[in-house]
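Order-wise, the sequence lines are chains A and B. Quick note: to get the numbering used here, add 155 to the position in the first sequence (first position is 1). Quick note: to get the numbering used here, add 159 to the position in the second sequence (first position is 1).
Don't read these hints as lab results, they were simulated from the structure. Be a bit skeptical, because a hint or two may be false.
Claimed, not checked - Label-pair ranges, simulated between beta-carbon atoms:
(1) A:Lys195 - B:Met218: 23 to 31 Å
(2) A:Lys226 - B:Ala172: 42 to 50 Å
(3) A:Tyr165 - B:Asp170: 28 to 36 Å
(4) B:Lys228 - A:Asp173: 45 to 53 Å
(5) B:Arg175 - A:Lys222: 45 to 53 Å
(6) B:Asn178 - A:Lys196: 21 to 29 Å
(7) B:Ala172 - A:Ala227: 37 to 45 Å
Just so it is clear, CB atoms sit at the ideal spot from N, CA and C, and this is done for glycine as well.
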Amino acid sequence: DTAVSQTPKYLVTQMGNDKSIKCEQNLGHDTMYWYKQDSKKFLKIMFSYNNKELIINETVPNRFSPKSPDKAHLNLHINSLELGDSAVYFCASSPTTTRRGYGYTFGSGTRLTVV
Amino acid sequence: DAKTTQPPSMDCAEGRAANLPCNHSTISGNEYVYWYRQIHSQGPQYIIHGLKNNETNEMASLIITEDRKSSTLILPHATLRDTAVYYCIVRLRPSGGGADGLTFGKGTHLIIQP
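Here chain A stands alone, though its shape is the one from the complex (with noise of 0.2 Å):
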């Protein structure tokens, strides 16, 4: 079973267009995160979620918005795309319990291309 999964893998798209990017983790993590990569390949945190707070990078355009309809998935909608949104997104989950040897799981990747 995968820890994280993230669906499309894949998703090419034109300018202007809504998207959304599911999440799921069965690993019973208490708390979710986006990750965008970008070309350079530096990774950046867009969000990170638990059912008590949403924190949101002050950077990301609010045209990206978090959906969360339980505990264990984390989507991620954006509307009107754009060419810089080009990237590839990572999903994460991590416990909120500080259990020793548990660290971040990330999803293997959304790789998401405006033309």
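Once you have looked at the hints, place chain B on chain A.
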């Protein structure tokens, strides 16, 4: 979270030990050192973390200097599959513990040569 400095790239021969250094001179007493790696086109993968003592698991060993201002990740017998970007991250909490994520730097691109 304290800032870290890593060399941009390193080479290592297959079968030899790969030693990846990380400087974190501004680390505070309750900050942990984490190591992650990202193999091409995959999501980052947790390797190991530590506070003060040296740590070892099935993937690697982590050596932290006594003053905690630097650390070294050791892959004891590097294989071609260890070619990846390795990130050294310093943060307050040893795992999730609050919705504030990880801050990734540029990391070290480790290339294992056959």
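Results of checking the hints against the structure:
1. A:Lys195 - B:Met218: 23 to 31 Å: At 27 Å between Cβs, range holds.
2. A:Lys226 - B:Ala172: 42 to 50 Å: This hint holds: roughly 46 Å between Cβ atoms.
3. A:Tyr165 - B:Asp170: 28 to 36 Å: Taking Cβ atoms as reference, Tyr165 of chain A and Asp170 of chain B lie about 32 Å apart, which means the hint holds.
4. B:Lys228 - A:Asp173: 45 to 53 Å: This hint holds: roughly 48 Å between Cβ atoms.
5. B:Arg175 - A:Lys222: 45 to 53 Å: Holds: the Cβ-Cβ distance is about 48 Å, inside 45 to 53 Å.
6. B:Asn178 - A:Lys196: 21 to 29 Å: At 23 Å between Cβs, range holds.
7. B:Ala172 - A:Ala227: 37 to 45 Å: With Cβ atoms ~43 Å apart, the hint holds.
The structure agrees with every numbered hint stated previously.
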